[in-house]
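Trainee: Sequence:
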Amino acid sequence: MPPPNSTRSSSLPLAAAPMSNPSPSSSPPPNPLAAASSFLQHHLSNLASRFAAPRPALAAAHPPGPQGSSLSLALAPDEVARALTGTPVFTVCNSSNEFVLVSDPATGLRSLGLLCFRSEDADALLSHVRTRQPVLGKGAKVVPITLDQVYMLKAEGIAFRFLPDPLQIKNALELKSGLTGFDGVPVFQSDLLVVKKQKKRYCPIYFQKEDIERELKKASKGSKGSALLKQIMVGSLEDVLKKMEINDRNSGWDDMIFIPPGKSLNQHINEVSA
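So the sequence shown is numbered by my numbering: it starts at -3 and just counts up by one.
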C-alpha cells in the first residue's frame, strides 16, 4: 500500500471538479457531492451527537531536565509531520487522483476532504459516491494517504475531517469512565512506554488500545488486567497535534511519535530511521 505522491500538482491535489468538463458557456458545475452531502452530514452529525464532549488531553510525559528556555522555538510543520510518518488513512479520489470533497454546513467549509481511519469506511463512502454520482463514481477509488502527508496539506490551508474508528471510540470511553462522549480521534499513551534510543527520547502515541496493551504487557511483566488499564491515558489526536504546534522544543511535546496501527514502537522506530 505505497503512499501516493504528496505533491499537489501530480497526485491528490485538492479539487472537486466533476469528471466531465463543462462547456465554456455553461454555468459553474455543482459540487460533485451535493447530492450525497445530506447523507454524509447525517453520518457526521451522528458521530458528533454520540461523542460530543470535551477532548481529554494527553500529557507530555514529564520530560527530564529543565523545560524549554526562552530561546526555544515551536516545532515547524515538517517536524510535526515527521512524528506522524507511516500511519495510513483512506480517502476517495476521482479518476484524476483528486480528492472527492464534501461540504460542511456546520462550519461553512465547502471543500472538505473526508479521511477514514478504516478502509471499510472509505469503501462505504466510495459505494455511496458511485450510487449517487455515477459519472464521478465511474473512475473513483479508495486511496491511502499517510498522516504526515495530510498534515502538510493541512499546513497549506486544506481542510479535512476525520472519521475515527468506532471501536477505538468505544475503547476510549471505557477507559475514561467519567466521559459520556468523545470528540475527535482517540489516541492512547503511557509513561511506562517512554524510551530513549540513540540519544533521542520517544514518547509513543497509539491509535489502537490493543496495541498499547500489548506493549504494556511486555514492559510490565506480572501486571494484568485493570492494573495495565490504569497506566493508559486517553486523549485526542487533534489536541496532541495542537500542543505540539504551540509548545517549544525541549518541552516534551517534541518527543511524541505516533505508532501506526498494528505496529510496535521498536518496529516503527526501525522503519522510520532506516
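Treat the hints with caution; some may be incorrect.
[Claimed, not checked] Quick list of in silico lysine to any residue cross-link-like pairs, SDA-like style, CA-CA up to 25 Å: (1) Lys137 to Leu169; (2) Lys166 to Lys137; (3) Lys196 to Lys137; (4) Lys213 to Lys238; (5) Lys239 to Phe158; (6) Lys196 to Glu116; (7) Lys217 to Asn266; (8) Lys214 to Cys112; (9) Lys166 to Pro84; (10) Lys193 to Met240; (11) Lys193 to Lys166; (12) Lys238 to Gly153; (13) Lys195 to Phe158; (14) Lys259 to Phe158; (15) Lys226 to Glu241; (16) Lys239 to Gly177; (17) Lys196 to Pro257; (18) Lys166 to Asp207; (19) Lys226 to Gly153; (20) Lys150 to Arg210; (21) Lys192 to Ala120; (22) Lys166 to Gly153; (23) Lys239 to Leu122; (24) Lys172 to Arg126; (25) Lys239 to Lys137; (26) Lys193 to Thr81; (27) Lys196 to Ala120; (28) Lys192 to Thr176; (29) Lys195 to Lys226.
[Stated by the list, open to error] Distance ranges between label pairs, derived from CB positions: (30) Leu163 to Asn262: 44 to 52 Å; (31) Lys214 to Glu75: 26 to 34 Å; (32) Ser173 to Ala270: 37 to 45 Å.
The set of hints was computed from the structure by calculation and includes no laboratory data.
Computed from a prediction, not measured in an experiment: that's the story for all the values here.
Glycine is no exception: its CB is placed at the ideal position from the N, C-alpha and C atoms.
Trainee: All the hints need checking, so say for each whether the structure fits it.
Mentor: Evaluated hints:
1. Lys137 to Leu169: 33 Å, violated
2. Lys166 to Lys137: Violated, because 29 Å separates the two Cα atoms, which is more than 25 Å.
3. Lys196 to Lys137: Given pair Lys196, Lys137 is violated - Cα atoms ~40 Å apart, limit 25 Å.
4. Lys213 to Lys238: 30 Å, violated
5. Lys239 to Phe158: With a Cα-Cα distance of about 18 Å, the restraint between Lys239 and Phe158 holds, given a limit of 25 Å.
6. Lys196 to Glu116: 36 Å, violated
7. Lys217 to Asn266: Status holds; Cα separation ~24 Å.
8. Lys214 to Cys112: 30 Å, violated
9. Lys166 to Pro84: 21 Å, holds
10. Lys193 to Met240: It holds: about 21 Å lies between the C-alpha atoms, which stays within 25 Å.
11. Lys193 to Lys166: 33 Å, violated
12. Lys238 to Gly153: Within the cut-off at roughly 15 Å; holds.
13. Lys195 to Phe158: 34 Å, violated
14. Lys259 to Phe158: 21 Å, holds
15. Lys226 to Glu241: Violated, at about 28 Å.
16. Lys239 to Gly177: 22 Å, holds
17. Lys196 to Pro257: 22 Å, holds
18. Lys166 to Asp207: Since the Cα atoms of Lys166 and Asp207 sit roughly 15 Å apart, the hinted pair holds (cutoff 25 Å).
19. Lys226 to Gly153: Since the Cα atoms of Lys226 and Gly153 sit roughly 38 Å apart, the hinted pair is violated (cutoff 25 Å).
20. Lys150 to Arg210: Answer violated: Lys150 to Arg210 is near 32 Å, above 25 Å.
21. Lys192 to Ala120: Violated, because 41 Å separates the two Cα atoms, which is more than 25 Å.
22. Lys166 to Gly153: Answer violated: Lys166 to Gly153 is near 31 Å, above 25 Å.
23. Lys239 to Leu122: 34 Å, violated
24. Lys172 to Arg126: At roughly 39 Å apart (the allowed maximum being 25 Å), Arg126 and Lys172 break the hint.
25. Lys239 to Lys137: 34 Å, violated
26. Lys193 to Thr81: Holds, because 18 Å separates the two Cα atoms, which is no more than 25 Å.
27. Lys196 to Ala120: 41 Å, violated
28. Lys192 to Thr176: Measuring from Cα to Cα gives roughly 36 Å; hence the hint is violated.
29. Lys195 to Lys226: Given pair Lys195, Lys226 is violated - Cα atoms ~29 Å apart, limit 25 Å.
30. Leu163 to Asn262: 44 to 52 Å: Since the Cβ atoms of Leu163 and Asn262 sit about 25 Å apart, the hinted range of 44 to 52 Å is violated.
31. Lys214 to Glu75: 26 to 34 Å: 29 Å, holds
32. Ser173 to Ala270: 37 to 45 Å: At 41 Å between Cβs, range holds.
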